[in-house]
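Mind docking these for me? Both chains are given alone in their own frames, and the hints should help you get the complex.
Top to bottom, those sequences are chains A and B. Read in order, the letters of the first sequence correspond to residues 0 to 312 in numbering that gives the first Met the number 0. Read in order, the letters of the second sequence correspond to residues 0 to 333 in numbering that gives the first Met the number 0.
Think of the hints as simulated: they come from the structure by calculation, not from any bench. These figures come from a predicted structure and were not determined experimentally. Watch out, some of these pointers could steer you wrong.
[Said to hold, decoys possible] Cross-link-like lysine to aspartate or glutamate pairs, in silico, DMTMM-like; alpha carbons within 25 Å at most:
#, chain 1, residue 1, chain 2, residue 2
1, B, Lys6, A, Asp149
2, B, Lys70, B, Glu88
3, A, Lys29, A, Asp306
4, B, Lys6, A, Asp141
5, A, Lys37, A, Asp201
6, A, Lys37, B, Asp128
7, B, Lys6, B, Asp320
[Unchecked claim] Derived coverage of chain B by chain A (criterion: at least 3 residues anywhere in the stretch with Cβ under 8 Å from a Cβ of chain A; other residues may be distant):
#, stretch
8, 128 to 142
9, 147 to 154
10, 207 to 217
Ideal placement from N, C-alpha and C gives every residue a C-beta, glycine not left out.
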Amino acid sequence: MSTILPPAAGGSAAPNDPAIDTGRGTGLWKDAFLRLRKNPQAIVGAVIIGLFLLVAILAPLLAPYGGNDLPGRTSITPTTIPGPGEIEGFPLGLDRFGGDVLSKLIWGAQASLLIGVVSTALGLAGGMLLGILAGGLGGWVDNVIMRFVDILLSVPNLLLAVSIAAVLGQSSYAIMIAIGVSQIPIFARLLRSSMLSQRGADYILAAQTLGLSRRTITMSHLLPNSMGPVIVQATLTLATAVIDAAALSFLGLGGGLPQAAEWGRMLTYAQVELAVAPQLAFLPGACIAITALGFTLLGESLREALDPKTRKK
Amino acid sequence: MLRVIGKRLALLIPTLFGLSILLFLWVRSLPGGPATALLGEKATPEAIARVNELYGFDRPLITQYLTYIGKLLQGDFGVSINTGRPVLEEFATRFPATLELTVIALIFAIGVGVPLGYLAARHYGRFLDHSSVVLSLVGITVPVFFLAFILKYLFAIQWSLLPPDGRQSPRMDATHYTQFYVLDGLLTGEYDAAWDAFLHLILPGLALGTIPLAIIVRITRASVLEVQNADYVRTARAKGLMERTIRGSFILRNAMLPVVTTIGLQLGLLISGAVLTETVFAFNGIGRFLRDAIFGLDYPVLQGFIIFIAILYALINLIVDLSYSVIDPRVRVQ
Numbered sequence: 000m001s002t003i004l005p006p007a008a009g010g011s012a013a014p015n016d017p018a019i020d021t022g023r024g025t026g027l028w029k030d031a032f033l034r035l036r037k038n039p040q041a042i043v044g045a046v047i048i049g050l051f052l053l054v055a056i057l058a059p060l061l062a063p064y065g066g067n068d069l070p071g072r073t074s075i076t077p078t079t080i081p082g083p084g085e086i087e088g089f090p091l092g093l094d095r096f097g098g099d100v101l102s103k104l105i106w107g108a109q110a111s112l113l114i115g116v117v118s119t120a121l122g123l124a125g126g127m128l129l130g131i132l133a134g135g136l137g138g139w140v141d142n143v144i145m146r147f148v149d150i151l152l153s154v155p156n157l158l159l160a161v162s163i164a165a166v167l168g169q170s171s172y173a174i175m176i177a178i179g180v181s182q183i184p185i186f187a188r189l190l191r192s193s194m195l196s197q198r199g200a201d202y203i204l205a206a207q208t209l210g211l212s213r214r215t216i217t218m219s220h221l222l223p224n225s226m227g228p229v230i231v232q233a234t235l236t237l238a239t240a241v242i243d244a245a246a247l248s249f250l251g252l253g254g255g256l257p258q259a260a261e262w263g264r265m266l267t268y269a270q271v272e273l274a275v276a277p278q279l280a281f282l283p284g285a286c287i288a289i290t291a292l293g294f295t296l297l298g299e300s301l302r303e304a305l306d307p308k309t310r311k312k
Numbered sequence: 000m001l002r003v004i005g006k007r008l009a010l011l012i013p014t015l016f017g018l019s020i021l022l023f024l025w026v027r028s029l030p031g032g033p034a035t036a037l038l039g040e041k042a043t044p045e046a047i048a049r050v051n052e053l054y055g056f057d058r059p060l061i062t063q064y065l066t067y068i069g070k071l072l073q074g075d076f077g078v079s080i081n082t083g084r085p086v087l088e089e090f091a092t093r094f095p096a097t098l099e100l101t102v103i104a105l106i107f108a109i110g111v112g113v114p115l116g117y118l119a120a121r122h123y124g125r126f127l128d129h130s131s132v133v134l135s136l137v138g139i140t141v142p143v144f145f146l147a148f149i150l151k152y153l154f155a156i157q158w159s160l161l162p163p164d165g166r167q168s169p170r171m172d173a174t175h176y177t178q179f180y181v182l183d184g185l186l187t188g189e190y191d192a193a194w195d196a197f198l199h200l201i202l203p204g205l206a207l208g209t210i211p212l213a214i215i216v217r218i219t220r221a222s223v224l225e226v227q228n229a230d231y232v233r234t235a236r237a238k239g240l241m242e243r244t245i246r247g248s249f250i251l252r253n254a255m256l257p258v259v260t261t262i263g264l265q266l267g268l269l270i271s272g273a274v275l276t277e278t279v280f281a282f283n284g285i286g287r288f289l290r291d292a293i294f295g296l297d298y299p300v301l302q303g304f305i306i307f308i309a310i311l312y313a314l315i316n317l318i319v320d321l322s323y324s325v326i327d328p329r330v331r332v333q
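Looking at chain B on its own, in the form it has when it is part of the complex (with noise of 0.2 Å):
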């Protein structure tokens, strides 16, 4: 096991090298340059120059890539030419937020999709079944910033139900330690702020949970549908087991592996909705800060964050390929 995680990670490093040397010609081609943008448009040639000298735009491109990945292999991401604040820091008072939103998504979707998607097939060609299928379909085919707005307009606006924008309260003075709100609220025992925090995610969250959850209602349909009628669970019915343990051990586990790939594969959806949520419910993640370094063309933060991303995606795919041998054990992990 620990051989091929080893491997596995191995093999990821020709992709992040390839990966860094496209970001870093990409971020350079970006127009108006890296000191126009920081200085504004009418910005005088010798504080472009000065700018070019302090941040090194001036050196050759390869001094610079060298500096670049030097630089990245000591887990120095460089400084955010808007904030001013080292990158890795900027993102670690605001990845928290993006985590905290994408559990809350992925609970919520896991936690209706994979039931919705099980008695859709249990039922199959009945009403359920039909309007499942047909609600996942909706759910796939809605623009995740447009029932954001439907959810907003709804909810926090119509009926007054939860707050339509931001973190937490502005009234709320609550204690931050982890920059994960509601875990700090438990933490601290102000469970006042815990419950604001997690009042706030809703709303954002069911935004950015309903096409990870139409897609995962489908597959685990298309899943059991297929493992149900399966000869070992005719031969588990002929023994005589009980349809509880039919259910739960032979259709469900053998059904999950499809269900658990598609699951991991959400990740990018989830990152790209979540720049789009955070951006209608003003939620200070990283999707908006993303969001205001492409506006501000801030290099640093760009790379960066899409080698993070890329890091995460690898690592959640990995994660995924692993958890299938816990799953069915005839998985051997190669």
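Chain A on its own, in the form it takes in the complex (with noise of 0.2 Å):
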């Protein structure tokens, strides 16, 4: 085999090999979730997401009304929406097309976790497929994925994904790809890096002097041991996931029904009505920031328990 992995500089130990920890019950993110555990920041954020999600999975059994329907259509005149507990029936009051607001905020969570997910996966996927070639392969197909890469973060990342959205046409899929796609050179340089500086261990040379294939060292033993900043950023990207698809729509490019049920929507239509109806605003724009906040918040704590500098502790 040819040895296209530079023997190792500092001699720095692998801190953690999955096949050597197995057993002994210190593993990496067993001893993460542990350390997590014990950290308020990280139990406020993951209860955060988890009523989120509760909310979002349970939505058709906890909204009144369906999201894009229009029960107070009745209720409402040119001059007067009403309010929260004006009107019988609307806890939240309405919206400007006689939506039911609570209802609507439900659904949307339905449709920011969608959103968010999917374009985090879409980014992570893409990203990382990059960050193999780069990191695994090195030589050529690294520089003309980095160069690529380059390109892609020379143009900030919302308008990136303004950009794509453009392209594709206004829909709820556009935003997931538009998303996504923004995602990809952060991912993939955070992972070529990480590969990067994983390759010269120990490990990875005792790996080569067993005579394992390329390919099994670095999808066996590299990646693995790479993927702990990744799924940090990946935490952290889902907040910025959440706060970009509601930008997005913010600025029209979600498409469909103009009373859909989604953050980014309601605040479109809220500007308008701003000075007579300002919860129409508030409401979902508190939504998105504590959905946000929660994933922040547990990305950064899951951040400190992998670092090497608190582990040791």
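As structure tokens, then:
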């Protein structure tokens, strides 16, 4: 086998090869989980996300009305929109179209979760593919991929997403793909640099000495040990994805019905009504912010828990 | 130093070249095509053909690209389909508005963020520290357009303290030379116009500056915490230097390096945020123009804008890199 991998520069030992740690109960992930459980910040984040997930999944049971329904159409007039508590049967009031705000917030959780998770999964998959190719193969492949990533990174993230969504037409799928693609460069770069830093490790050298193929080494040894920062980034990216999705549909790239139950969309139409019905802007806005806060808290605690500097304690 | 700058600028060329190809292909794959966008859904085939011929959309892609890049190199970004005016001219009239807004936002973010982060680190573990950590966390997770709504509702609608939208009151009969409205007012001596334009900048500036502010607080805090227990700070104390000297020349200066990097990285965030902020405040800058361009499928504007941003982005990063060696002489530019 040819040695594509340079020998260990600093001779740093493999911190946590799962193959070695199995059965001893002090693996990286278990360790991190134990530390997360003691971190109040992580618990708050997990509770927020848990609630959000629950609401999103149980939306058909929780929401009094359908997401696109307009049950209060007869109760609104051009000059009045009933606010929270002002009208029987609609605890959070109605919106400009006559939709029930509570139902729309609940269905909006589902839409946001779907967009957030699907787009991050897309970004993660695309980024990992590029990262593995670049970090695993090296050489000219690495060069070509990283130049491509550089080009994508030369445009601010949200603008990249906006540009892609504009090409794909106005729909929620377009938003998912747009946000997903705009995340690819970050994941690709992160995984590549993480793999490069592991490439000189002793356990890789050991695997090479054993005569394992380059593919086995990359996929079964290098990759699992390089995933830490990528997983942290993915958690944090979920927060950005929820915010960016709202931003894109706020800008009107979401498509579909104008009354569609989507937090960002609700804000678009709240704009006109800000003086008379500020709650139409504040409620969905608060939902976006709280969801993003949950993912951020969890992501940051995860980063702390996986950080070798804090691990030693 | 000059050689470094030259080298960095040369490295920019392949990236921009790649970007121009991607952009060119991207713009051609937009749904409906440029002629349909220009003439509307009900356009007759003859009209579409005429527009295609007029703007050269019917020629082979490679010819279109070569024409495009040739013009680009001469500084010709084409003519806006929506307004019929040259793209560069449109930018020139609108960019000052966005720049004014961005500068206000940055002044706010740096002016409040660095001292707050520094104070939080000095009061590590105490109330001020905890509250600044919580506030910065909230600042990061609040969407910029939502924050814009809150500010607009409270300060413009509820309390009527500040103007809700626009760049200047319509009643203001101001002369404009540079399109920087505040600067124009100061130059022409129309101080009321300058003040009015400044008042219009406050709310969008606060909205736009809050996320960078939150990030700057966090980085400054972390960086000062790391530096303030360094050996050389202890040595400086042992030598009996004045506390002010230690804080200014030892702690703050050494802590600034990551902060400067972060500030540079905020530019992308600021530009994206400007699109959203300008929409909420009906602020006639480049962000709003870009939004209209996306919906009007204004190809030349979109292409020109993104290339323009990419160049700006790269130049800012270069300035940030160069500023390292000014802040920290140990860093040699390579």
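Structure-based check of all given hints:
For the hint pairing B:Lys6 with A:Asp149, the CA-to-CA distance comes to about 17 Å; that is within 25 Å, so the pair holds. The hinted pair formed by B:Lys70 and B:Glu88 meets the criterion: a straight-line CA distance of about 15 Å does not exceed 25 Å. Between the alpha carbons of A:Lys29 and A:Asp306 the distance comes to roughly 14 Å, so the proposed pair stays at or under 25 Å and holds. For the hint pairing B:Lys6 with A:Asp141, the CA-to-CA distance comes to about 22 Å; that is within 25 Å, so the pair holds.
Annotation: proposed proximity of A:Lys37 to A:Asp201 is violated, straight-line Cα distance about 32 Å (limit 25 Å). Restraint check for A:Lys37 and B:Asp128: satisfied, since their Cα atoms lie roughly 21 Å apart, inside the 25 Å limit. Between B:Lys6 and B:Asp320 the CA atoms are separated by roughly 13 Å; this keeps the pair inside 25 Å, and the hint holds. Interface restraint, the stretch 128 to 142 of chain B with chain A: holds (6 residues with C-beta to C-beta distance below 8 Å; minimum three).
Counting residues of the stretch 147 to 154 of chain B whose CB lies closer than 8 Å to any CB of chain A gives 4, which reaches the minimum of 3, so the coverage claim holds. Beta-carbon proximity to chain A at under 8 Å applies to 0 residues in the stretch 207 to 217 of chain B; the threshold of 3 is not reached and the given coverage is violated.
Hint violations for this structure: numbers 5, 10, all remaining hints satisfied.
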